[in-house]
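**Student:** Go ahead and model the full structure; you've got the sequences and the hints to work with.
Mature numbering (1 follows the signal peptide of the UniProt record, and there is no 0) puts the sequence shown at residues -16 to -1, 1 to 155.
Heads up, none of these hints are tricks.
Ranges between beta-carbon positions, derived for each pair:
1) ASP59 with GLU121: 35 to 43 Å
2) ARG108 with HIS76: 27 to 35 Å
3) HIS91 with THR49: 18 to 26 Å
4) PRO94 with ARG133: 17 to 25 Å
5) ARG51 with GLU121: 17 to 25 Å
6) ALA48 with GLY93: 20 to 28 Å
7) MET35 with GLN92: 20 to 28 Å
8) GLN119 with ASP59: 34 to 42 Å
9) LEU46 with HIS76: 16 to 24 Å
10) ASP59 with PRO97: 29 to 37 Å
11) GLY75 with THR107: 34 to 42 Å
Bear in mind the hints are in silico, worked out from the structure with no lab data behind them.
No residue lacks a Cβ here, since even glycine has one placed at the ideal position from N, Cα and C.
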Amino acid sequence: MAWTSVLLMLLAYLTGKETLGAQGFFAPPMALLCPSDGHASIFSGCGPQPMVHQPPLASSSLGATIRLSCTLSNDHNIGIYSIYWYQQRPGHPPRFLLRYFSHSDKHQGPDIPPRFSGSKDTTRNLGYLSISELQPEDEAVYYCAVGLRSQEKKRMEREWEGEKSYTDLGS
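**Tutor:** Shown next, in the form of structure tokens:
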């Protein structure tokens, strides 16, 4: 998903320049970009696209726990999607925090502490990012995105097959 950072920066630009609250978190609404054949397309080949919505601001005290929400449009079922969470600190590019499909199917990003965790509420069509033991460096813009679970599996299988082929060539 090398294109993810570029797309997130593009989306941040398209949603406008916003400022962070002194101790809060700002997350503008974000549209889903649909991957097709390893490339992202916002114009064709995706079919009806789900939209995700996030509250504009959330804040809490240092040391506390906060839960950020991501609502999927009503015409889509969050139960079949993985939720992806990204963090963008001021002056830094977005970084991948985690992917959450279910309690048994989730992936934490590199060097992301377990105080960042994901969850879902399928009855309310919501995804959540929980951050416990809030620290000053957690002040950032947080983005959510969704991806079909089957697409995720196919992507991983393609990557695994590519690594296997590359390894076979080297032996």
